[in-house]
Amino acid sequence: MCYKTRVLAVETEDMLSAPIINPIVIISTFYAFDLNFKWPLIRVCLGLLTALVIGLIMLVFQDKLAMIPIKSKNHEHDHACDCHCHCGCDKEKKTFGQKLKMMFLHTGEEFFGVGKYLIIGAFITSMIQMLIPKSVFDKLSMQSWLSILIMMFLAFVFSACSTSDAFIAKSYVSKFPKGAVMSFLVYGPMMDVKNLLMLSSNFKKGSVIKLAVLITVVNILIMSIASMFLLNGGLI
Amino acid sequence: MNEKAEHSFPLDVVLKILLLLGFSTFFLYAVFSGAYVKYVHPRILPYMVFTAAVMILTSILMFTDVLKSKKSDKNSWGLIFFVIPLILAFSIPSTTLSSQSQVISNVQISNNASTDNNSSESKTATKEKIIMTDRNYYSNLYNFFSTPEAYVGQTVELVGFVYVDDSLAENQFVIARYIMTCCAADMSLCGMVCNYDQSSSLKSDTWVKVTGTLCTQEFNGKKEPCIQVVGIEETQAPAQEYIYPY
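Order-wise, the sequence lines are chains G and D.
Quick note: the first sequence, position 147, residue 250 per our numbering, numbers continuous.
Quick note: the second sequence, position 18, residue 39 per our numbering, numbers continuous.
Excised from the complex, chain G in its bound form (with noise of 0.2 Å):
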C-alpha cells in the first residue's frame, strides 16, 4: 500500500472524522432535529474535537498504538494486472484502457475482500436488531453516565451509517439525556461492529482492539464532560 509516507495518526483522525463532517450528514442531522442548527454544530464540533484528540494520543505512543496490516494473501497476487501496488504507483506505463480495466478487476477484489466483512457485520447488526426489544433500553435508569454508556453501545451494535443515525438518535430525545443522545451520534460513525470488522480484515487483532478501546474511552471521556457542563446544561 502506499500508505508509508503518510503519519497513521493522521490518518486514524481522517478517518474518525469524516464521517462526522461531511456536508450530507451535517445536512440530515440538521433535518432530524427539528432545524435546530445546535445539534450538528456541536455534533461537528464534539466530533472534530474526539478525532483529534484520538490523533494526538496516537502520535504520542506512535509505537504502542501502531496499526500492523496483516499480510494478506490477496496481495501476493495472482491477479490479471501483475502490479505491485494497489495505488497505481508502480513505474511501468499502462494505457488508460489498462487502468481501467485493472480499476475495476481491483473493485471487485475489494469487494469480496472487504464485502465479507460487511456481510457479517450487517448480519450480527440484524440480529440483535430483531432480539433485543429496544424496549429494554428504555426502563434503563435515566442517570447521565450511565445513559452515554447505553447511547453508546446502542450506536456500536446498530451500526447506522452516519447519514441516517440522526433519525434514530432523535427518537431518544425524549427518552434520554441529550449528552446521550450526542455521544450517540458522535461514537456511532467512529466505531460500530461493521466498522470493526471492516478494520479487522485489514489489521491485526491486537492494533484493532488497542485503537477500539482508545476510541472508546476518549470518547466516553468527552462525552461525559460535555455533558456534564454544555449538553445537559442546556446548550441544545
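Hints in this document: simulated from the structure, not taken from any laboratory.
Among the hints, a few may not be true.
Stated by the list, open to error - Chain D is nowhere near these chain G residues, computed Cβ spacing over 12 Å in every case:
| # | residue |
| --- | --- |
| 1 | ILE129 |
| 2 | ALA135 |
| 3 | LEU152 |
| 4 | ILE171 |
| 5 | LYS196 |
| 6 | MET205 |
| 7 | MET206 |
| 8 | LEU208 |
| 9 | GLY211 |
| 10 | ILE223 |
| 11 | SER262 |
| 12 | ALA263 |
| 13 | ILE271 |
| 14 | ILE312 |
| 15 | VAL320 |
Claimed, not checked - Straight-line distance between alpha carbons at most 30 Å, and here's what the computed DSS-like set of lysine-lysine pairs gives:
| # | chain 1 | residue 1 | chain 2 | residue 2 |
| --- | --- | --- | --- | --- |
| 16 | D | LYS150 | D | LYS244 |
| 17 | D | LYS230 | D | LYS244 |
| 18 | G | LYS219 | D | LYS150 |
| 19 | G | LYS278 | D | LYS244 |
| 20 | G | LYS167 | G | LYS308 |
| 21 | G | LYS219 | G | LYS204 |
| 22 | D | LYS150 | D | LYS230 |
| 23 | G | LYS219 | G | LYS307 |
| 24 | D | LYS230 | D | LYS59 |
| 25 | D | LYS243 | D | LYS224 |
| 26 | G | LYS278 | G | LYS141 |
| 27 | D | LYS224 | G | LYS278 |
| 28 | D | LYS59 | G | LYS141 |
| 29 | D | LYS243 | D | LYS59 |
| 30 | D | LYS59 | G | LYS278 |
| 31 | D | LYS230 | D | LYS243 |
| 32 | D | LYS224 | D | LYS150 |
| 33 | D | LYS150 | D | LYS243 |
| 34 | D | LYS224 | G | LYS141 |
| 35 | G | LYS278 | D | LYS243 |
| 36 | G | LYS278 | G | LYS167 |
As the list claims (entries may be wrong) - Taking beta-carbon pairs under 10 Å as the criterion, some of the chain D residues facing chain G (in silico):
| # | residue |
| --- | --- |
| 37 | PHE102 |
| 38 | PHE111 |
| 39 | SER167 |
All values reported here derive from a predicted model rather than from experimental measurement.
Cβ coordinates follow ideal geometry from the N, Cα and C atoms, glycine included.
Chain G is fixed; fit chain D onto it per the hints.
Relative to the frame of chain G, chain D by itself:
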C-alpha cells in the same frame, strides 16, 4: 508458479463472476419489479442501477481475464458469505414489515415531541379537514407533535395500520405507518394514539382509515396529540406501505 497450479481450474474466479452476476441480477430484479422500495429509500434507485452496471462490467472483465490467468490456488471458502445473502435475497420474498416484526422497535408514538422551543410557527387549527397522504404524512405528524395545542379540534383523516401495545389503555390503539429514512435498517414506527371505545375489537396490523378530531393527552409526562375517533373503516393497504420523508 508450479506446473500443477497452472492447469487448475480457476474456481474462485468463476465463483466470483457468478456471484457478481447474481447480485446484479437481484438488484435489477428489485428495481424493475418495484420491490426495491421495501429495502431502500426510492432515492437510492440510481445507485442500485449503477452498482448493477459496475458488477456486470467487472464480471465481464474478470471473465476475459480468467482465460489468461495462469494459476488459482486461492481458498474459495470465504465466498460462502456472499452466497448466503444472495440465496436469502432470492428465496425470501420482500414482505413489508408488520407491527409484529417490531424490528426497530423504538415505537415513535412519541415521535418527535421535541422540547425545543425554536420550532415552527404554530398554525392554528383550520376549519378544513387535513387529509394525511403518503406525501404529507410525516410533515403533518411532525407539526402535530411539535405544537399539539395548536391543532386541538382539527379534523383529520388518515390511513394506517392498527398497532397495540401494553402502554395503551383499553379504549386506545395507535394508527401507525412505518417510516424509512434511508434503508430498511432505520425503519421506525410513527403514529398517533386514537381514542376509540371499541379499540379491543380491532386486530393488530389491519389497515384502517380513521377520521377524527385532534386532542391532546399526557404520555410519559409529555403533552402529545391524540385522535378522538369519529369514523373508522377497514381499507386496503396503500400501494406504498412505507412513508419516505425527505
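Status of each hint after checking the structure:
| no. | hint | verdict |
| --- | --- | --- |
| 1 | ILE129 | 14 Å, holds |
| 2 | ALA135 | 8 Å, violated |
| 3 | LEU152 | 24 Å, holds |
| 4 | ILE171 | 21 Å, holds |
| 5 | LYS196 | 20 Å, holds |
| 6 | MET205 | 9 Å, violated |
| 7 | MET206 | 10 Å, violated |
| 8 | LEU208 | 6 Å, violated |
| 9 | GLY211 | 4 Å, violated |
| 10 | ILE223 | 6 Å, violated |
| 11 | SER262 | 8 Å, violated |
| 12 | ALA263 | 6 Å, violated |
| 13 | ILE271 | 6 Å, violated |
| 14 | ILE312 | 22 Å, holds |
| 15 | VAL320 | 27 Å, holds |
| 16 | LYS150(D) x LYS244(D) | 22 Å, holds |
| 17 | LYS230(D) x LYS244(D) | 24 Å, holds |
| 18 | LYS219(G) x LYS150(D) | 52 Å, violated |
| 19 | LYS278(G) x LYS244(D) | 14 Å, holds |
| 20 | LYS167(G) x LYS308(G) | 14 Å, holds |
| 21 | LYS219(G) x LYS204(G) | 23 Å, holds |
| 22 | LYS150(D) x LYS230(D) | 14 Å, holds |
| 23 | LYS219(G) x LYS307(G) | 17 Å, holds |
| 24 | LYS230(D) x LYS59(D) | 22 Å, holds |
| 25 | LYS243(D) x LYS224(D) | 28 Å, holds |
| 26 | LYS278(G) x LYS141(G) | 19 Å, holds |
| 27 | LYS224(D) x LYS278(G) | 29 Å, holds |
| 28 | LYS59(D) x LYS141(G) | 33 Å, violated |
| 29 | LYS243(D) x LYS59(D) | 33 Å, violated |
| 30 | LYS59(D) x LYS278(G) | 29 Å, holds |
| 31 | LYS230(D) x LYS243(D) | 27 Å, holds |
| 32 | LYS224(D) x LYS150(D) | 27 Å, holds |
| 33 | LYS150(D) x LYS243(D) | 26 Å, holds |
| 34 | LYS224(D) x LYS141(G) | 42 Å, violated |
| 35 | LYS278(G) x LYS243(D) | 11 Å, holds |
| 36 | LYS278(G) x LYS167(G) | 40 Å, violated |
| 37 | PHE102 | 5 Å, holds |
| 38 | PHE111 | 15 Å, violated |
| 39 | SER167 | 7 Å, holds |
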